[in-house]
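Residue numbers (this note's numbering), protein chains in the order written: chain A, 1 to 986; chain B, 1 to 292.
It cannot be assumed that every hint is accurate.
[Said to hold, decoys possible] Calculated lysine-lysine pairs in the BS3-like style (CA-CA distance at most 27 angstroms, straight line):
| hint | chain 1 | residue 1 | chain 2 | residue 2 |
| --- | --- | --- | --- | --- |
| 1 | A | Lys652 | B | Lys196 |
| 2 | A | Lys170 | A | Lys238 |
| 3 | B | Lys196 | A | Lys884 |
[Claimed, not checked] Taking beta-carbon pairs under 8 angstroms as the criterion, some of the chain B residues facing chain A (in silico):
| hint | residue |
| --- | --- |
| 4 | Glu129 |
| 5 | Gly147 |
| 6 | Ser153 |
| 7 | Pro198 |
| 8 | Trp201 |
| 9 | Gly212 |
| 10 | Tyr246 |
Rather than coming from a laboratory, the hints here were simulated on the basis of the structure. We treat Cβ as the ideally placed atom computed from N, Cα and C, and that holds for glycine.
One letter stands for each residue in the lines below.
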Amino acid sequence: MKMAIRVFMLLVFIMCTSRPISSLYEDQVGLADWHQQYIGKVKHAVFHTQKAGRKRVIVSTEENVVASLDLRHGEIFWRHVLGPKDVIDQLDIALGKYVITLSSGGSVIRAWGLPDGQMVWESRLQGSRPSRSLLVIPKNLKVDKESIMFVYGNGYIHAIANTDGEVIWKKDLASEGFEVHQLIYSDGSDALYAVGLIDSSWVGVYQLKIKNGAVLAHEKLLFPGGFSGDLILVSNDKAVTMDASGTNLVVIRLRNGQIYFHPTPITEFILDFSGVGIILPSKMPQMFILRTETSATFFKVVNEDELRVVEKLDLASTISDSIPLSEGDDACAVIQQDDDKIILTVKSNNNDWTSNLAVEKIQMDHQRGQVQKVFLNSYVRTDMSNGFRVLIIMEDHSLLLLQQGEVVWSREDGLASIIDVKVSELPIEKDGVTVTKVEHGLLERLKWHLLKVKGSLMIATPDDLATIQKTRVSSSDKTKMTRERNGFRKLLIVLTRAGKLVALHTGDGRIVWSLLLNSHWRSKTCEIPRFFSLHQWQDPHHHALDENPSMLVIGRCGDNLNSAGVLSIVDAYRGKELDHIGPVHSIFQVIPLPFTDSLERRLHLLLDANQQAHLYPRTVESLGIFQQELGNMYWYSVDRDESILRGHGLKKTCLVEVPDNFCFDARNVWTIVLPSDTEKIIATATRSPNEVVHTQAKVTSEHDVMYKHISKNLLFLATVTPKAEQPIGSVTPDASSLTVYVIETVSGRILHRVTHPGSQGPVHAIFSENWVVYHFFNLKAHRYEIAVVEIYDQARAENKDMLKLVLGAHNLTSPVTAYSRLEVSMKSQSYFFTHSVKAMVVTQTIKGITSRQVLVGTIGDQVLALDKRFLDPRRTVNPTQAEKEEGIIPLTDSLPIISQSYVTHDLKVEGLRDIVTFPAKLESTTLVFAYGIDLFFARLAPSKTYDSLTEEFNYALLLITILALVVGIFVTWIWSEKEELQDKWR
Amino acid sequence: MAPVLLLLNLLLSLAVAPCAFQSDELLTEDDEFVGLEGAQFHDSAAVSPPASPPATTMRRRSVETGSDSDSKVQFALEHAFGDSDFSPAGTFSARLKASSHGGQILTKLRFSRDSFSQAEQDNFKKLLEDDDFYRIRIPSNVVSQPGREYIISSVKARCLAQDALDELLVLHMEGVNILAVSYGPPGLCQYPSNIKSPRKWSFKSHTFLKYGDLAPRSQVFTEAAVDENLEDETAKPPEKSFWAKYWMYLIPLGLVVMNAVTQAMNMPEEQATGQAPAVTAGRGQPTAVRRR
């Protein structure tokens, strides 16, 4: 009996302690979320392999990241993201222990510790005018026992100490219009040469004393006709450039302070030369490369100033800088592409560059496009010969390391520059597939459950715990390629700046498929495709289920708004381009319409620069659907430069030379002209078109009903005084004010207009349901503020009578027209907020029942979830009991930041640009994807998961408990029977 | 009759004003808005001069009366039927007054609306048939007309065609700039379209001037208040959720107690049973007695 009670007690105890807990524990991180780190498209790479235990490559990227990568696996040792305007110009290693970066147009120089990435020093270099920036780090050059380097930036040449960044001397050379193209320092000499051009027609050479920067000699010589392009150095006393016409190569020889010119027509070497040639910057001794429209030609400078063609390659080849191998021996890598193979040739200057040190053929994924940059590095093989590894940057911005004819590792760094994200459902699970899988893994499942039981009974060994955690994180269930009941598994379709469409699985963030659209789009008529948005084209969920969902990718041929547009339709399951339209009319704005055709293709209206609207898909059926709704179609445009808003409707036809049924002219329906001297538009926000609102009314604590004014046609607009557009601190509170508007975009009526005096941008705003939340800076209080405006409908305020509702004597069902007089009331409040904000979004759930959270991308690149309850304009300092029951929080002047409510935990989404949320099928849960240089995905339950047991729930433990209880009951029953029997026998 | 109507209008506007708009200082003053029935019958050509002349006359006038604190301005309302060109349709007149915040503001707005000519009536009927837009425009700056661009607003013709032609114009102002005009019927707009044309071809116009509001200042609580709040917040939870906080200790404690109690209850019994043989050996009598 006693035993039975003890067992029972123990079980009850276990049951009590193993209750599911609603907050997140350390071991739950990574279960439903993932974080990926990227660096962006690599611009410079410096290898550090000599005598280093850990071989690494230092890179700087177009996303302004400086990073150290593991050369063995491609992992990031360390990385730093500089500010968005702090563009890295030069990168090098000094003294074998510092990484030197020169950024911001040569005005900031920093040194980072090579092993750990700690910043060692930083110097700001003053200058007179913007110029190119150059960095020369001589080996073993010491001035007064300090080893120094030379930096040219902002028109000044600086000598900087390597160890502490102190400027030893600086010299202004910009005064005479002299622009330095090259700094030359040959080891052991005591002079630094600065070679450059004056007004593109004079060549100037300065000889500076390395001790103090004094000019030792100065020479300049006029070249009649002038130059074009850069001065490329081929040796310490020879440079090559093109003349102004671009048809002659000019060798510039500098000897004993004298300058000599030797022009040679290109046609002497390339017979079919036409157009303009460009000399590529490549650091090869006595050599340079001339790129023409048809080919790339290697030239060698022989006998002082004669030119000789060494080799001619086709255009698609990419050439690396040369590296020294041994005494007087240099090598460079040439990469040529042959369909799905790339051919790597390492050439050496032995035997006049005709001998190849290595030729390797490497299979390459077609979706990576062409090689854009090559960096060569050599190593000593086991047989003491030279081996080569190359780092290549592909068209899709990915980074690959090739060695011994293989891809050692690759990084998908195109994902650091995502432009747009859309989500797609996975295919439905087919019968039969799951059953076999479950049977197959039955034993494993049992084992896994046993382990879990062990874990919850706290009798598991550390090894077991590790296994449990590993299995949980890499559970095959969440990475399956099929749809799931809760809708957690989806495909994230992302469009990168390189023009690559990538599908990521939400389970673990792996790449399911990728498609390089850039190469599909590039043609004679469309030379530089630019991508700008991604739209859901076909999302079958009713009657067209056998169709795959597809995406519409929209781009332009060039940077100009007027350039021709291109459209692609891509299958979301297979990643194949289904259709390609273009180049067509220019694309200014894309409006997805709330109509679909019989194939569930969404109708899209594309506006061009001439304010003409084009309907897609171009089918008779879609035209029929569209023409029915033509009269109800309105949109607005915001002219930020002129501070004018315009509302537009559609005409029935289009005035073009070629009759086009799918084209419609726009008509101006309304105009709002803001005074341009006092108001400048800085931010707009509208409701997300697919947002779901569950309740139209809000019942207050006094049993009163407030009707929300819910309209999809509302626009939030923020303007500031023109001066207040400058960064914070540059304008006084009196000269700055922020005005916010809520505008009805069909009729162009201003519903709400309020001015915040002494405030300024940047403004981030979200519009959801009937409320707007916006973030701005209050100059008077020196703090950021978040304000909320809620819009309530007064016209329906009287519809509270149940009897009327039953009898139909109400106007709830009457059709609504935007032209009726609107009677709305606004409630607003504002609070102080600690963080400045990079992005702000609101969570979306499938039915809109779950309370919403505002997700704030903070300046620290984290995502903070803020309950909407804190942003309730009805908060008062002392809420009544009834209000408290309703959930109104007592008013505080600032919004609380609870450290547990960081969605990103302790991770950082470096360079955070935007956050997107989309609903799962489970009402309580929403999916969040934050992107910048890093990617972060998480599952969020703003009101906790009230509608399901968590995945963590231990079914096995429950079963065992029940079993044990049943057994316990039987045992105790038998025992008690026995006792009774014994008692009776007594 | 006219004063009664005016009063009625006024009352009507007063009645709707508070619920439609945030109460505005200017609105509550009687003379800031005027409901005017444009009952004067004029030939449309004769009423207001084309758009540009008033600008010059106005400017001259403002120069003349520059010494005064306020001066009169006039600006024209123009209308268009569907996509037709704009033509004059009425005149606003108002006084410019120096604002307390600096700059000038517009007060005492009056509006005289021209009635439709026969051609315009036909145009309007056509709009009703096509369910098309009746469009109006006014200058965006009343001092240097027409400003950078005209303010345009449109409404479906069916919305205006009630018994007479009802219209409500709300001019959103910022100093002497007109930002926007909310134009439409004073009440509901009929839907779907009714082809019935109005009986009277004159306008019942209601006009309002509306200036922007200032946002309320964010409340800054004094240190003491904040501290108080903080204390409240820290003090409350343990009180409230004592059970919730300590249940994990209380339950095992309860269990231990229960266990101890049961053990204590079992103990005598066990002792009795455990010591039974000894007892029987030692004191045979009682058991013997019980058996009996």
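Each hint tested on the structure:
| no. | hint | result |
| --- | --- | --- |
| 1 | A:Lys652 x B:Lys196 | holds, 25 angstroms |
| 2 | A:Lys170 x A:Lys238 | holds, 26 angstroms |
| 3 | B:Lys196 x A:Lys884 | violated, 54 angstroms |
| 4 | Glu129 | violated, 13 angstroms |
| 5 | Gly147 | holds, 7 angstroms |
| 6 | Ser153 | holds, 5 angstroms |
| 7 | Pro198 | violated, 16 angstroms |
| 8 | Trp201 | violated, 21 angstroms |
| 9 | Gly212 | holds, 4 angstroms |
| 10 | Tyr246 | violated, 13 angstroms |
Going down the numbered hints, you'll see the structure goes against 3, 4, 7, 8 and 10, while the others check out.
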